[in-house]
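Undergrad: As they're listed, the protein sequences go chains P and V. For the first sequence, my numbering assigns the number 216 to the initial residue and increments by one for each residue that follows. For the second sequence, my numbering assigns the number 929 to the initial residue and increments by one for each residue that follows.
Honestly, the hints are just simulated from the structure, not real lab data. It is possible that some hints are incorrect.
[As the list claims (entries may be wrong)] Reference listing, derived: stretches of chain P covered by chain V, where coverage requires no fewer than 3 residues with Cβ under 8 Å from a Cβ of chain V:
(1) 716-726
(2) 834-841
(3) 880-890
(4) 896-905
[Stated by the list, open to error] So the derived label-pair ranges between C-beta atoms look like this:
(5) Gly1063/V <-> Arg309/P: 39 to 45 Å
(6) Asp388/P <-> Thr1053/V: 52 to 58 Å
(7) Asp651/P <-> Pro1062/V: 46 to 52 Å
None of these values were measured; they are calculated from a predicted model. We put the beta carbon where it would ideally sit given N, CA and C, even for glycine.
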Amino acid sequence: MSSVSDWDVPNPVKENRSGLIGKGVDRYEGPLKVTGTAPYAYEVQPPSPPAYGVMVGATIAAGRITDVDTAAAEASPGVLAVWTHRNVPAQPPRGTKAHPRSTAGSKPALESDRVTYWGQPVAFVVADTLENAVAASHMVQLTYAADAPDVDFQARLGDAVDPPGEKDVEVGDFQAGFEGSPVRLDETWSTPIQNHVQMEPCASLAWWEGPDRCIAHTSVQMVKPAQHGLAETLGIDRDAVHLMTRYIGGGFGGKGQTYDDLTLAALAARALGRPVKVAFTRQQMMHGTIHRPATVMRVRLGAERDGRLNAMSIMTWTHCHSDGSFTEHASNFARSLYAAPNRLTGHRLVRLDLPHAGPMRAPGEASGTLSLECAMDELAETLGLDPVELRIRNEPEVDPENGRPFSQRQLVRCLKEGAQLFGWDRRLPTPGQVRDGRWLVGLGMAAAIRGNFLLPAKCSFSVDADGVITVRQGMTDIGTGTYTVLAQIAAETLGVPLGQVVVEIGDSELPPAPGSGGQFGAATAGSAALAAGVNLRKAIADLAVNDPGSPLHGGDSASVTFQDGVVALENRSETLRDLVRRAAPAGLTVEGEIRPAQDAQRWSTQTYGAHFCEVGVDPVTGEVRVRRMLGVFAAGRILNAKTARSQLTGGMIWGVASALTEGNAVDPRYGSLINQDLAQYLVPVQADIGDLEAIMLDEVDDKANPMGIKGVGELGNSGAGAAVANAVYNACGVRLRDYPITPDKLLAGLIAAGR
Amino acid sequence: MRPFTYERAADARAAVKSASETPGARFIAGGTNLLDLMKLEIERPQHLIDVGRLPMAEIEDTPDGGLRLGAVASNTAVAADSRVRGRYPVLSQAIVAGGSPQLRNKATVAGNLLQRTRCAYFYDTSKPCNKREPGSGCGALEGLNRNAAIFGASHACIATHTSDMAVALVALDARVETLTPSGQARSFPILELHRLPGETPHLETHLVPGELITAVALPPPPPGGQTYRKVRDRASYAGGLASVAVAGGALALGMVAHKPWRAVDAEAALASGASPSEAMARELAGASSAGRNDFKIPLVARLGAAAIGEAREGAR
Chain P
216 MSSVSDWDVP NPVKENRSGL IGKGVDRYEG PLKVTGTAPY AYEVQPPSPP AYGVMVGATI
276 AAGRITDVDT AAAEASPGVL AVWTHRNVPA QPPRGTKAHP RSTAGSKPAL ESDRVTYWGQ
336 PVAFVVADTL ENAVAASHMV QLTYAADAPD VDFQARLGDA VDPPGEKDVE VGDFQAGFEG
396 SPVRLDETWS TPIQNHVQME PCASLAWWEG PDRCIAHTSV QMVKPAQHGL AETLGIDRDA
456 VHLMTRYIGG GFGGKGQTYD DLTLAALAAR ALGRPVKVAF TRQQMMHGTI HRPATVMRVR
516 LGAERDGRLN AMSIMTWTHC HSDGSFTEHA SNFARSLYAA PNRLTGHRLV RLDLPHAGPM
576 RAPGEASGTL SLECAMDELA ETLGLDPVEL RIRNEPEVDP ENGRPFSQRQ LVRCLKEGAQ
636 LFGWDRRLPT PGQVRDGRWL VGLGMAAAIR GNFLLPAKCS FSVDADGVIT VRQGMTDIGT
696 GTYTVLAQIA AETLGVPLGQ VVVEIGDSEL PPAPGSGGQF GAATAGSAAL AAGVNLRKAI
756 ADLAVNDPGS PLHGGDSASV TFQDGVVALE NRSETLRDLV RRAAPAGLTV EGEIRPAQDA
816 QRWSTQTYGA HFCEVGVDPV TGEVRVRRML GVFAAGRILN AKTARSQLTG GMIWGVASAL
876 TEGNAVDPRY GSLINQDLAQ YLVPVQADIG DLEAIMLDEV DDKANPMGIK GVGELGNSGA
936 GAAVANAVYN ACGVRLRDYP ITPDKLLAGL IAAGR
Chain V
929 MRPFTYERAA DARAAVKSAS ETPGARFIAG GTNLLDLMKL EIERPQHLID VGRLPMAEIE
989 DTPDGGLRLG AVASNTAVAA DSRVRGRYPV LSQAIVAGGS PQLRNKATVA GNLLQRTRCA
1049 YFYDTSKPCN KREPGSGCGA LEGLNRNAAI FGASHACIAT HTSDMAVALV ALDARVETLT
1109 PSGQARSFPI LELHRLPGET PHLETHLVPG ELITAVALPP PPPGGQTYRK VRDRASYAGG
1169 LASVAVAGGA LALGMVAHKP WRAVDAEAAL ASGASPSEAM ARELAGASSA GRNDFKIPLV
1229 ARLGAAAIGE AREGAR
């Protein structure tokens, strides 16, 4: 049984003798990416020329396929196969786990004649070239018996149910606390569907080595479930699938699972006896992969006149696929944020004939903070309090939901330092007072919070006769910097330069790690790497003191030091390379692992931040432009100042998008999303993001993991959009509670306000 | 994408000859719009005639004090031309308000004029669209039509023309020069290039099949200030919700109709002494909206009045 107290010992990351931990080291794989030579899944060179598969999506949202005509497609030039549910190779029923410990079950493609969402892959064409496959895919004729799609979320709110296995969480007596409060707020916010729109659409390449072994390259955040799920779908042994995901062009949760591209590539490669590549198009990604579902959030706050909250509630309505249970937990973050004796949080779910909802960057917080953090702004105005001060007055001493002590909580310091650095004291509390040319200028702020997690993981470290350290782990890098921080941990632990470290990840045959998601990646994979590094240090030290040829021979192995590529014991030393070359010419390999501490749940472990934003609003047109933005964050020890900053600023930019531009709407007549490419689905471009800065406070969280680090991947997104929305209000005096705040909506508000 | 044949035209006469003789032929220059549409099989040309390298990229002074823009001059070249920036700032501003630098480097004068609508229902081949597939209906009419037309729409189509450059050219009274399939050169006001949708939204211009735009001629700049204002959801690389070009007493509106919209009623009102707001109200008396684009009417009223004011300020 492990305890967090086991971590309270010196280790090479804490000691940081080479100073590599925390340094803004350039990306390990950066040169490959900027020169276009990093092979993403679709670009890996297969052993023989591949065939190209193209999926065809359903053009109804609900119903059945009643007829299939593939004759024209089959006769089209270069076509090798055309599949629908009628002739796709047999696959085990959905969810089958032939191996009881598989981390994912069978996910059959072209499963049946049943259509449950628009864009569901319903046919598949393979041809000798991509062009031939695309041309033939347009010739597949499908006839449907369509049902009227049940897709109108707002119209179905009254039918919402509790998510499976969940009940509302109440502390104290919310209703009494709310009604007994002299100052009350009761407002409702809504957020739209968002698509992940990763730069790299989902893509797979597969081939077979003999009849029993499938080699698959895909783009996925979690290796083991992808490997297991594919093996179960193919009906083969788990070890018979070798799955690789070396470079990933963005995940954001959307690649936390695999899709039919992987299944169909593997099935077709087996059927055709040659490698097959399959990729989603940009348009197909919108429906064919998961999305962040829309929400409706009712926030109620009851406060004393001095600003102290008596009662706090956030209730979230959201939707998922008709067969699904995914719930956007937009209320959960509020459980640990502000003190209030009477608290009520919960969720309601509507099942619709829409594509599958799923996790997307900062699931829960990204949507949830867009309501509560604006509600706090409104409450501050009602009370005549500064929004920063209102938050400070509601700072809890322990987790307000469960009474657990915080492992670390520097929210107030984030708020205060951010306010000072940003020049928050220049904000005028009355909106619409500041003009710069044609722009009305306003300032807004919001708090950020996101939980921190540690999962079980393994890692191996090797040293070879050249003194090169190789890190191997079934981990992924979705653009976050995993390669780089693993190299830093290895170099720091073994006392070698970064150039002497090789990192191999994204491979099912490497020691398993849970992958990238929930901002647990660096802490989890890194802690396992540290453990492996410490084990390799021991093995090398033992090698040296036991080798009669070593100047360290006969010494105390526990006292051996590692620095600058040299192993030393007081004034005796030799290079790591000389030692290994002589004493272990075949090299050494060790494993290490991390497990969550049994007592970790005794603490409330979160990451925190504060966002400050200045916007301009054109009162003539309702256009909003962000002028500058600052985030101050406290998230444990930072492994890499550069990649961590990029994670945080990337999250903040996402927040700008959520506030101002990003969202997808459903055309209820068809049950499909309206925006299907990046000309219509608007994420920020360079011109939208001016002066943007993220600052990380010094912190070590010794309850989080042996390194004292926490995640930053989701934190930057949490609260960022609310700071923008609050700045819009301060600029022009219009509150919009229906995101995104687009010119059409803001213009209506400006006109209504007589501007 | 469907298989197609390709030729590089030797000269403009050969290009129009080939275009009139080859079934399913289309001209291509920058290809920034046509290739995207071909990949989606919205456009299915059987033959492409590349006119991008013909000697029609010159920007030259005309004897009357105007400027002639060659049909395949890049949008970047026109926007950056010192004569354009000095005498026709509204045109330079409009061009840089469109697309991205990469697109403007490839896109040409004629291609920009002939770009097709960005209506989501036109782009989604699973949805009805009379423009893409005559007779199939209009998905936008009862749909998510936030960006639909408020002038001159029909029951067959409420899509808008989305060029920024064309709006400025309409305000500047530019003329379009073409070569017809019979080899005749002709010239006509740019306002006569595009059509309203009526019952035939798939017909977007009055060019005859095979007719090639060779240049756009600008008359001398009008007296008075010029300005271009575009409203969009994000700061760059986004289609507009509405735009306005002011060139002296001339006023044109963008993204409000199936063609760049010359605001003749507003111009007449201004000429007779109406205030900018009164003039815009006069123009918008003829506007109608379809629900989600209701906001465009007050937006254009406010934007137009502001732009007229800005242009007058700039002229002082």
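Undergrad: None of the hints should be skipped; say for each whether it holds.
TA: Hint check:
1. 716-726: violated (count 0)
2. 834-841: holds (count 5)
3. 880-890: holds (count 7)
4. 896-905: holds (count 6)
5. Gly1063/V <-> Arg309/P: 39 to 45 Å: Distance hint for Gly1063/V, Arg309/P holds at roughly 41 Å.
6. Asp388/P <-> Thr1053/V: 52 to 58 Å: holds (57 Å)
7. Asp651/P <-> Pro1062/V: 46 to 52 Å: Since Asp651/P and Pro1062/V have Cβ atoms about 50 Å apart, the given range 46 to 52 Å holds.
Against the hints set out earlier in the document, a violation occurs for number 1 only.
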